[in-house]
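Novice: Each chain, letter by letter, is given below.
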Amino acid sequence: MMEKPAAREQKQQLQFVGKSLGRVDSLDKVLGKPIYTTDTVPENALYLKVVKSTVANARIKKIDLSKARNYPGVVIVVSADDIPGINESTALLPDKPLFATDRVRFAGEPIAAVASYDPTIAEEATDLAEIEYEPLPAVFTPIEAMQPGAPLVHENGNVCKNMKVRKGNTEAGFKEADLIVEGTYKTPFQEPVPLEPEAGFVIPEPDGSVTCVGSIQSPFHVQTGIAKILSLKPEQVRVIQAATGGAFGPKSDETPVDVLGMAALVAVKTRKPAALSYTREESMIGHTKRHPFVISLKTGVKKDGTLTAWEARLVSDTGAYASLGPLVLIRACLHATGPYNIPNVKTDAYCVYTNNTMAGSFRGFGGPQVHFAAESQMDEIAKKLGMDPVDLRKKNMLRPGALTATSQLVDEGCGLEECIKRAVKESDWYKKREQFHADNGTKRRGLGIAIMYHGNSLGPEGNDFATVHMQIERDGKIKLRTALTEYGTGAPSALLQIAADTMHVPFDHFILEPPDTDFCNDSGPTVASRTITIGGRATQMVAGKLGQKLKEVAADMLQLPLSDIESNNGVYHDKSDAHSVTFRDVVAHAYSRGIALKESGTFTAPRCEYDPETSQGSFYLQYTYGAVTAEVEVDTETGRVRVLKMVAAYDVGKAINPLSLEGQIEGGTVQGLGYALMEEMIHKDGIVVNPNLGDYYVPTSLDIPEIKTIIVEYPGALGPFGAKAVGEPPIVLPAAAIVNAIDNAIGVRVNEIPATPERVLSGLRNQRK
Amino acid sequence: MSKHLLKFTVNGKDHALVVNSHDRLIDVLRNELGLKGTKEGCSTGDCGICAVLMDGKLVNSCLIFAIQARNRKITTIEGIGTAEEPHPIQRAFMKWNASQCGYCIPAMILAAKDLLDKNPNPTMEDIKHATSGIICRCTGYLKIFEAINTAAIEMKAESK
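Protein chains in written order, with the numbering used here: chain B, 1 to 769; chain P, 1001 to 1160.
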């Protein structure tokens, strides 16, 4: 068992943790400094453009690049033939080539790349590549792909991962039930839309190594990928993360390896720097999106609202290649029956290949899909029982001492009940639900709620570790470096707050260094809101060691025993405060004696224990909990839904920087609002029909409701000071809360999101029948 | 294709250079003048993050030919403030941690400048409309609204 945070961090006066300090990256960003990848491409660089498949599933009969090669201004054309190492660009399973050779599995798959000093010429030349296809029967829905005899996307079958949860006996549970409710729910491909499309450039070094600069989440994942492609040792591939203009998941999957891999081939062949940046369309088609799910639920409940059994069947569409689909499936499967104490659970989950574009990592990682379904289902149950949705949830929700669907004991760090209570109060729940129910105009208001839990960090999804390096310079600047990246979250900035309080040195002494594989150890991927939970623990370790070293130097300077030395706000003194030295004195003294003020450390999370057959056990070391309400207005004539107010209450354990945390919650809530009402990447026979921001809608400033954030703090067992994951959770609930509010407004259950005006109107028409 | 002499003022400085008819304003700003603060997000006028001010009006620089800027005054983010002296709008964005990934922020700040130059007392609705052409995917916009509101108050106080 892990120590409780209270035991780890004895009651200390926190000067920086818990304060809304400014982010360290703000000044460069508001000034428009040239910090992003495309701002810093070397002058003499070649620019790449990519030849991509135009069909969803075909054998490639011929690739003829001669005309493209001979186009005036083209310097080189690269394809699979030019790869010295392994033709692979993957995030998990070795199923995806960098360049397709004899087969394409989705429309938009890279086949070759053209390089020229003039990007316009490179683009023109891509049209001259002659690719001859022999179309193959294709499959575009996962349900069809699971049928016997369906066209095979990969030889080993279309189901690339399955998983099950077995707790108790659902058949017995259904017998105890007074009511059984069944429902099927569908979710779309959601496009992450980081505002900066994928970009990278590669510089060939004289010693045969390469330096890669790019818009990426996980430098060491890119390093491994590029080394494989170039047949180099990983340490011959230096990866530097430039400032990254949004990521949300896909920049930890394949596209950064695709972009830098193609550029690297050109760079090593020509010995010139080579750059590739995707257009918006290439980005939207090429990178991974949120998995569409089809979710069938069957729930047994007693008259008093007690849940007796819950069965779930999940089918996800991972597209033509697995990407992180198998891991998304694990998280979805484990969370499928919601944050409830249910004695009997049976979940079966399948991740399925199709000839659609790829799905993979996206903020929430399976959580939004299953919570949309489970929380819609809870409202259907409440309606059938004639029970208030809040009361039904309170009756069954996870509390300390309860067991999750995997029989994990819920510990004291569970503030779900307080989240619900505060969201209910802030939304004026009981009064408004009654008032809205009586509405009968053409514009009707509704109020909905949804609640969640979110297993923190990787749990069963991978090795969970992070490394932090810190060094104090002669001038007293304290540099912190880690391979956990900043791509908008503010979490690396918060690490400095943790370091400042651990070392008792003021925050303004700290500097965050850019991630660079030459200067830091692997920290695993920057995903799953790991930076503060795991990286924060590594920071505490390293800052603790460095702080101790400074105390030792201070003790030597003051000629006092180490145990007498206390540190406070950059001053080291004895217990009576009669003798003291400053941080700057201590640093100068250390430098004069050749004492290295440099420490590194790795924190590795304890492994989770579970039975892989039944999925019973402890999968995650702590959970974030939340409750969200949405107040909507539905226009019954147009079907348009406007969200007027949302309350977002989250148990985050400990808010390291409340202002940045609010920013995460607001941003995730609005992405969730888009998921609920407007965002859907539409494929027609495998071709994306809306790969641009004119046809794929994301929320704009005019769609924004009032959002009231409520921070609840029940310290978790894992994170520093009890902090929990906060980046991902805010996108999990809005869709469920909003469709539940629509139902409250007009009595229409929208079981497929987004709840577009067409779907709302169609629901109203069916109601009249 | 033909070449033209483009004379224009960027951030208060006069420039004269030869451009092609089809050269986009964003490319001339970024590649010829080295002003990398103007970002490209979609190239189709949908995201708005390439916005600059042309004679005080917010325009998408990916949709404007460079030659359309002839004899006009362009303001980019580099013309708003400096590290030593950030503009009150920039200070307010920092105060609210309103930039997350930061990619839309130059355009948001220019949109705020456009608004506050014309309307020193904006309502929340005015702020929403002024920023409605620019997509932000990180913040959910609320901290940006707060920052613009704070900047309006600070600028009024400073002008007194």
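Worth flagging that the hints you see were computed from the coordinates, not collected in a lab.
Be aware that one or more of the hints could be misleading.
As the list claims (entries may be wrong) - No farther apart than 30 Å at their CA atoms in a straight line, the calculated lysine-lysine pairs in the BS3-like style are these: (1) B/Lys33 / B/Lys383; (2) P/Lys1013 / B/Lys708; (3) B/Lys598 / B/Lys545; (4) B/Lys175 / B/Lys395; (5) B/Lys708 / P/Lys1160; (6) P/Lys1118 / P/Lys1013; (7) P/Lys1007 / B/Lys645; (8) B/Lys479 / P/Lys1156; (9) P/Lys1057 / B/Lys33; (10) B/Lys33 / P/Lys1128; (11) B/Lys383 / B/Lys431; (12) B/Lys19 / P/Lys1013; (13) P/Lys1013 / B/Lys645; (14) B/Lys645 / B/Lys383; (15) P/Lys1007 / B/Lys432; (16) P/Lys1118 / P/Lys1156; (17) P/Lys1128 / B/Lys164; (18) B/Lys432 / P/Lys1095; (19) P/Lys1095 / B/Lys19; (20) B/Lys303 / B/Lys175; (21) B/Lys598 / B/Lys186; (22) B/Lys19 / B/Lys645; (23) B/Lys477 / P/Lys1095; (24) B/Lys425 / B/Lys394; (25) B/Lys19 / P/Lys1156; (26) P/Lys1156 / B/Lys61; (27) P/Lys1057 / B/Lys425; (28) B/Lys269 / B/Lys61; (29) P/Lys1156 / P/Lys1057; (30) P/Lys1118 / P/Lys1007; (31) B/Lys33 / P/Lys1013.
Novice: Would you mind marking each hint as holding or not holding in the structure?
Specialist: A quick look at each hint next to the structure:
no., hint, verdict
1, B/Lys33 / B/Lys383, "violated, 54 Å"
2, P/Lys1013 / B/Lys708, "violated, 45 Å"
3, B/Lys598 / B/Lys545, "holds, 9 Å"
4, B/Lys175 / B/Lys395, "holds, 20 Å"
5, B/Lys708 / P/Lys1160, "violated, 34 Å"
6, P/Lys1118 / P/Lys1013, "holds, 23 Å"
7, P/Lys1007 / B/Lys645, "violated, 49 Å"
8, B/Lys479 / P/Lys1156, "violated, 39 Å"
9, P/Lys1057 / B/Lys33, "holds, 22 Å"
10, B/Lys33 / P/Lys1128, "holds, 26 Å"
11, B/Lys383 / B/Lys431, "holds, 18 Å"
12, B/Lys19 / P/Lys1013, "violated, 42 Å"
13, P/Lys1013 / B/Lys645, "violated, 46 Å"
14, B/Lys645 / B/Lys383, "holds, 23 Å"
15, P/Lys1007 / B/Lys432, "violated, 61 Å"
16, P/Lys1118 / P/Lys1156, "holds, 13 Å"
17, P/Lys1128 / B/Lys164, "violated, 47 Å"
18, B/Lys432 / P/Lys1095, "violated, 35 Å"
19, P/Lys1095 / B/Lys19, "holds, 13 Å"
20, B/Lys303 / B/Lys175, "holds, 13 Å"
21, B/Lys598 / B/Lys186, "violated, 52 Å"
22, B/Lys19 / B/Lys645, "holds, 27 Å"
23, B/Lys477 / P/Lys1095, "holds, 23 Å"
24, B/Lys425 / B/Lys394, "holds, 14 Å"
25, B/Lys19 / P/Lys1156, "holds, 28 Å"
26, P/Lys1156 / B/Lys61, "violated, 69 Å"
27, P/Lys1057 / B/Lys425, "violated, 44 Å"
28, B/Lys269 / B/Lys61, "holds, 26 Å"
29, P/Lys1156 / P/Lys1057, "holds, 21 Å"
30, P/Lys1118 / P/Lys1007, "holds, 26 Å"
31, B/Lys33 / P/Lys1013, "holds, 19 Å"
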